[in-house]
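Residue numbers 1 to 188, in full-length UniProt numbering, belong to the letters of the sequence shown in order.
There's no promise every hint is true.
Said to hold, decoys possible - Once the Cα atoms are required to be at most 27 Å apart in a straight line, the calculated DSSO-like pairs of lysine-lysine come out as: (1) K63 / K94; (2) K13 / K33; (3) K63 / K173; (4) K152 / K11; (5) K81 / K11; (6) K31 / K13.
As the list claims (entries may be wrong) - Estimated spans, in silico, between C-beta atoms of each pair: (7) R151 / F22: 31 to 37 Å; (8) I142 / F44: 15 to 21 Å; (9) K173 / E115: 37 to 43 Å; (10) S181 / P10: 17 to 23 Å; (11) E57 / K33: 18 to 24 Å; (12) F22 / P168: 21 to 27 Å.
Since the hints were made in silico from the structure, they are not lab data.
Glycine included, C-beta positions come from ideal geometry on N, C-alpha and C.
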Amino acid sequence: MEPIINSQLPKFKVQAFHNGEFKTISSEDVKGKWAIFFFYPADFTFVCPTELVDVAEKYEQFKAMGVEVYSVSTDSHFVHKAWHDASESIRKIKYPMLADPTGVLSRAFGVMIEEDGMAYRGTFVVNPEGKIKIAEIHDNNIGRNADELLRKVEAAQFVAEHPNEVCPAKWKKGANTLKPSIDLVGKI
Numbered sequence: 001m002e003p004i005i006n007s008q009l010p011k012f013k014v015q016a017f018h019n020g021e022f023k024t025i026s027s028e029d030v031k032g033k034w035a036i037f038f039f040y041p042a043d044f045t046f047v048c049p050t051e052l053v054d055v056a057e058k059y060e061q062f063k064a065m066g067v068e069v070y071s072v073s074t075d076s077h078f079v080h081k082a083w084h085d086a087s088e089s090i091r092k093i094k095y096p097m098l099a100d101p102t103g104v105l106s107r108a109f110g111v112m113i114e115e116d117g118m119a120y121r122g123t124f125v126v127n128p129e130g131k132i133k134i135a136e137i138h139d140n141n142i143g144r145n146a147d148e149l150l151r152k153v154e155a156a157q158f159v160a161e162h163p164n165e166v167c168p169a170k171w172k173k174g175a176n177t178l179k180p181s182i183d184l185v186g187k188i
């Protein structure tokens, strides 16, 4: 299996439900900006809405950082709209909900569960050059935390802007970073 970190965002073109409309979203739309691809198993499930709402509550912060969020499931864009129409919680979502009924994106990101036709919970952060900088995959019984995702994106953006620095464990924006050198070996 090839490592996904620093691999190029796959080329894609899918349907989406976004702000009350059906749209086509492609890899071309992602170029030049930070992006989060937030895979989840299916609409109308149990853990998924808690995660999607958690991200929705942080969406303005992500947008302020120049990050677009794309949720992705193997449901169609019609099912995304039906879920939006049926659920008060899902109506809070302002980011594009990508439809992946053929599994092309789920397979490209390595999260497809073939026997179920659904994706694992996968979170991927892509930089403006189209390289995957963060990859996290969970079993479907384990929910994610948007606060931690926000922190990770801040760290990824920081090191992109400061290539000679690294972010230590539990780093938060504004905290001290490290400048790797021979002087630090064995002292951390």
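Outcome of the hint check:
no.	hint	result
1	K63 / K94	11 Å, holds
2	K13 / K33	17 Å, holds
3	K63 / K173	16 Å, holds
4	K152 / K11	24 Å, holds
5	K81 / K11	25 Å, holds
6	K31 / K13	13 Å, holds
7	R151 / F22: 31 to 37 Å	33 Å, holds
8	I142 / F44: 15 to 21 Å	19 Å, holds
9	K173 / E115: 37 to 43 Å	41 Å, holds
10	S181 / P10: 17 to 23 Å	37 Å, violated
11	E57 / K33: 18 to 24 Å	21 Å, holds
12	F22 / P168: 21 to 27 Å	44 Å, violated
Checked against the numbered hints listed earlier, the structure breaks hints 10 and 12; every other hint is satisfied.
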